[in-house]
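Engineer: Read off the chains here:
4 protein chains.
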Amino acid sequence: MPVSVAILGPTGYSGLEIIRILLRHPEARVAYLGGRREERPHIADIWPSLRSLLDLRVESMEPEEIPPGVDVVFLALPHGVSLQYVPHLLGRGFKVVDLGADYRLKDAAAYKKWYGLEHTDPANLTRAVYGLTEFYRDQIARADLVANPGCYPTSIALAVAPLTKTGLADKATIVADSKSGISGAGRQPSEETHFPECNESVAAYKVGTHRHAPEIEQTLTEISGDPWRVCFVPHLIPMDRGILSTCYVRLKQPLPTEHLQRLFAQFYAREPFVRVRTDGTLPKTKDVWGTNFCDVAVRAVGDLAVVVSVIDNLVKGAAGQAVENMNVMFGLDEKAGLL
Amino acid sequence: MPVSVAILGPTGYSGLEIIRILLRHPEARVAYLGGRREERPHIADIWPSLRSLLDLRVESMEPEEIPPGVDVVFLALPHGVSLQYVPHLLGRGFKVVDLGADYRLKDAAAYKKWYGLEHTDPANLTRAVYGLTEFYRDQIARADLVANPGCYPTSIALAVAPLTKTGLADKATIVADSKSGISGAGRQPSEETHFPECNESVAAYKVGTHRHAPEIEQTLTEISGDPWRVCFVPHLIPMDRGILSTCYVRLKQPLPTEHLQRLFAQFYAREPFVRVRTDGTLPKTKDVWGTNFCDVAVRAVGDLAVVVSVIDNLVKGAAGQAVENMNVMFGLDEKAGLL
Amino acid sequence: MPVSVAILGPTGYSGLEIIRILLRHPEARVAYLGGRREERPHIADIWPSLRSLLDLRVESMEPEEIPPGVDVVFLALPHGVSLQYVPHLLGRGFKVVDLGADYRLKDAAAYKKWYGLEHTDPANLTRAVYGLTEFYRDQIARADLVANPGCYPTSIALAVAPLTKTGLADKATIVADSKSGISGAGRQPSEETHFPECNESVAAYKVGTHRHAPEIEQTLTEISGDPWRVCFVPHLIPMDRGILSTCYVRLKQPLPTEHLQRLFAQFYAREPFVRVRTDGTLPKTKDVWGTNFCDVAVRAVGDLAVVVSVIDNLVKGAAGQAVENMNVMFGLDEKAGLL
Amino acid sequence: MPVSVAILGPTGYSGLEIIRILLRHPEARVAYLGGRREERPHIADIWPSLRSLLDLRVESMEPEEIPPGVDVVFLALPHGVSLQYVPHLLGRGFKVVDLGADYRLKDAAAYKKWYGLEHTDPANLTRAVYGLTEFYRDQIARADLVANPGCYPTSIALAVAPLTKTGLADKATIVADSKSGISGAGRQPSEETHFPECNESVAAYKVGTHRHAPEIEQTLTEISGDPWRVCFVPHLIPMDRGILSTCYVRLKQPLPTEHLQRLFAQFYAREPFVRVRTDGTLPKTKDVWGTNFCDVAVRAVGDLAVVVSVIDNLVKGAAGQAVENMNVMFGLDEKAGLL
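Chains as they are written, first to last, in our numbering: chain A, 1 to 339; chain B, 1 to 339; chain C, 1 to 339; chain D, 1 to 339.
Please note: incorrect hints may appear among the correct ones.
[Stated by the list, open to error] Label pairs and their calculated CB-CB ranges:
{"id": "1", "chain 1": "D", "residue 1": "GLU191", "chain 2": "A", "residue 2": "PRO256", "range": "25 to 33 Å"}
{"id": "2", "chain 1": "B", "residue 1": "LEU53", "chain 2": "D", "residue 2": "LEU53", "range": "22 to 30 Å"}
{"id": "3", "chain 1": "A", "residue 1": "ARG57", "chain 2": "D", "residue 2": "PRO256", "range": "18 to 26 Å"}
{"id": "4", "chain 1": "A", "residue 1": "LYS335", "chain 2": "D", "residue 2": "GLU191", "range": "49 to 57 Å"}
{"id": "5", "chain 1": "C", "residue 1": "GLY93", "chain 2": "A", "residue 2": "PRO78", "range": "54 to 62 Å"}
{"id": "6", "chain 1": "D", "residue 1": "GLU191", "chain 2": "B", "residue 2": "GLY302", "range": "45 to 53 Å"}
{"id": "7", "chain 1": "C", "residue 1": "GLY302", "chain 2": "A", "residue 2": "ARG57", "range": "52 to 60 Å"}
[Claimed, not checked] Computed footprint of chain A on chain C; a stretch qualifies when at least three of its residues, placed anywhere within it, have a C-beta under 8 Å from a C-beta of chain A:
{"id": "8", "region": "39-51"}
{"id": "9", "region": "288-294"}
Keep in mind that the hints were calculated from the coordinates and are not lab data. No residue lacks a Cβ here, since even glycine has one placed at the ideal position from N, Cα and C.
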């Protein structure tokens, strides 16, 4: 019997991407969609691309209305909304994968500082498992509630972990310079994402103040058993999808590129979705477009290691990793539906 | 003494473009900006590109506040707004170039039909001169009020007039298939113009129902002394600027391409801003990017003449032609500031 | 046992797309790749996106080297090359789907006129079935050699056939104005496809002289049992993928939009990959991005019917339709691997 | 009498941009164009945008053919070519502004290392003045030969100099992460710049090995009187023009953002083309599109100063700064033709 899935928030880009992936998933099916529109529109009226592919209306978001046969609920909701639903969803016995930010920061005070809201569900915050699959696979397998990582933190943690976790990195501030396609800003129109404003232009934004910064530092610290500081600067790139993060890590002692490449290749040798370049090429975001892969390359430059990683922000950075986590939670092949 | 210019509506794309052109104009200067924001922001806070180039605040739009030394007022306002200001502006002795649609359709009933508003200034509607410079130069020179043409009508009328005005075109419906950059939709964010919605995509819109359709038919009819029907279909292209119109005109009798090229070259031989291709190349919008030119090529295909024209929608399609008309109105070199 | 597939020409965009589709196909697998590079590169060195997904080298193109277990050979080759290989491939007992142009025009003289080459395989030209699946399904099921349609002809024939085949269309020249993403130009760099030349620009090209024009006319004529003339003008749009064709067809007598919509909906009611819009919306190319769908809308404008169709030029316009045809040839579900 | 200008290499993007700027320059005129094509094409056949604006053919590149009345020669040539022409041009009494790389690196051995060529004109290498106008204005005023800076070095040196020159920066390796539009790669088509390869994608390239790296280090060292190491990583962005450089500089001791902003504002207070943001906004490349401005913002993030600078790579990063230098060399207003 396939895993039965409900999606709350199917009208945003991550929601659509979950649907797209699950339509091809051999062991899961989309059973329920929940949103806020009173008129309960057909999903094909929201996304014409789904016409003839998925015959569901966007029903209520109320947990009581979700059919009991559902196994897992994906939340693709703004921060501050998920935490209102999670206790009820868990209470009704659903597993939950939250693509939003509400359960990522372990510290409720940090949540309040960065998101400006009191965290009203601290109990589940403690139980939630951070869904960076490569590093939390075992906990995810046992989890009821997975906090799916942010897109930037995924691209940066996967790039930097082989250096921080192995003790090669010096404790100097790590620089993480990320370039993201504009779908990362969500589906709500704004001046920043109005085509003639962002096309033919690059912009840095939230320099050192983006909400993903504490998430990145928390993750590196947890993975590496040591506190790390990261200077994170995101940029908006005139393209739909993709994140390229260029990370600059000071090494305790210089190492040649070949050594670093070998290290990275070994580090990720058994990971199905991390591909390390050792052939002298560098990844571009198009190489992972529409896929759940993270491609990584590393170079030695003076006393720094420069790591370049690319992901599709909507797949490995959101919906794909969410499905990957679902696969782990339900004992399926981790790659099911994702190749 | 330079011509002193006020601009009402400098916060949109056409408004910015008027400023950019006038900053380089040898015989005009921007003296006043008027808008609706109560805080009267500095123009460089609206458009950072203007920092250190223009030291003006966006003051009130009220005609009484415009300094008496101003010679001409450019209106870059939504339809329905210009007609509230024009009578007062003319009454205060300013000349007016209206980049909006309020004075383009000569028939107040047609205005009501297409724009959904009663025309409250029919007297000036009669006096207004349609600012397609190539065809109304003499009237523009004597005009107080110029209705600057729409971007699509400019590109289409210039493409088709050599065939309709010379009696070569059959009376079958002319097909005008236009492709426009997204700045043509204005600066107001919307789902249609949200980057991830319109990037990597082409869309037709308002098939046969766009408000520029009656303007095109009116213009061809006025120029050619005969009623014409046009099937006009606009498309949104993922680029900032530019309109390419491909016009399909049935000829009374087939003519070879060379003949048509010669005809077009002669027709526009004395026009400073229409360049006819006779060398076998076809124009692309980038060839006229940022300029006031309209480049045109013509081909015979069976019983049809296919005419391809390109303009920059913000220049020849808006601000540039507005300045061109100002030049004519004030007896300046028509090309001043525009090369 | 899955259908075993060889691909000759896997280093172009269509070749990659065939691979991508077949990697997800439940009843087919890629068994052999053939190209011209002497060094026989690994496919992942050509396409880094395929790393860890397909472990094949690009071997020789010689028919003798293709393993006998292969069932069908896809040709993604320049015109003039396929016809050198097809006789040998058929002779070795392989079925063939040719994505190129060599077997599309039924008339060898027309082939010579438009492609500048003598057709050296007229026998198979006669046997080849044109792979516009919607109209040639039965013949395709029995065919050994399928000539997969061009991208533009697919988008235009599907748009116009409901009017020509039903006798509603007048015999006036049909105007087909197509807008294509730049992947349609292939993978060979050129000035026209150099990013700073074609980005932020629209261009018409080969006005009335594109090689797809006779293919379109042949197809409409065959489908509708009557000769048709089409004025076909393609345009290059700054995006990777997608074709939107706007077709202007004069009707024998005017019909309301609702009538036309109903007609189209009935015409394609049983087609799995043609979706007719009857809800007042218009399709954009993004709605079919990466899919095998053709979305169509129709409007009445005066005495014309305006039909807008969108496809992904690399899927329904090339690799997807090729796989669709393979499915038909091998008695599989026509939709297998394509949803 | 206007300055009379010859341009060798007018068929590339920088060459076109010099022409565009000089066409609006009140005190200079383009008198001669020299290139390599034997057929001596009209410049409007190379650049249709120049039709009716500049009536010159592209003549020979031989110094003897340049008319004696020419005052200054702009070289927009590949590296290794300029140094073959410069001695002869200077010998004939022309001043020279070289937009290429041949006279930028002061050390002939470094030139050989990075460009792979023996420097055959060491005498003029010594005389050449590096044309970063803000820092070498006095020498430029007296120079016969100006080596116009690279696009990346301009954006990075202007960003970082206020910290290195004032002694605030620690000597740790400076990270310079630059994002460039694709016109920076020149006009020669290649796989990297083929639209469907680079559109919808971001790529890092030449990580730590780009030829601009030694130029950046040389410039910072010369300006600041102290050796500096820079880890420079360029990226290709799917847009025509613009460079955004994000520079990460460790401070000797942390300083608040306000302090840094004030410092930058004072540092560039008298510079006409450097605009420091002190209002909390960050610059995007579109803010300087088509202009000679460099907009700069600075933020304190932990122990780092993050400096974001934007330029138009073809203007301040090439043709604009070249004209700025010409203005200085000939005692004109430095801003002439550039506002």
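Engineer: Each hint: holds or not?
Structural biologist: Evaluated hints:
| no. | hint | in the structure |
| --- | --- | --- |
| 1 | D:GLU191 with A:PRO256: 25 to 33 Å | 28 Å, holds |
| 2 | B:LEU53 with D:LEU53: 22 to 30 Å | 24 Å, holds |
| 3 | A:ARG57 with D:PRO256: 18 to 26 Å | 53 Å, violated |
| 4 | A:LYS335 with D:GLU191: 49 to 57 Å | 30 Å, violated |
| 5 | C:GLY93 with A:PRO78: 54 to 62 Å | 59 Å, holds |
| 6 | D:GLU191 with B:GLY302: 45 to 53 Å | 39 Å, violated |
| 7 | C:GLY302 with A:ARG57: 52 to 60 Å | 38 Å, violated |
| 8 | 39-51 | holds (count 4) |
| 9 | 288-294 | holds (count 5) |
Of the hints listed earlier, those the structure fails to meet are numbers 3, 4, 6 and 7, in rising order.
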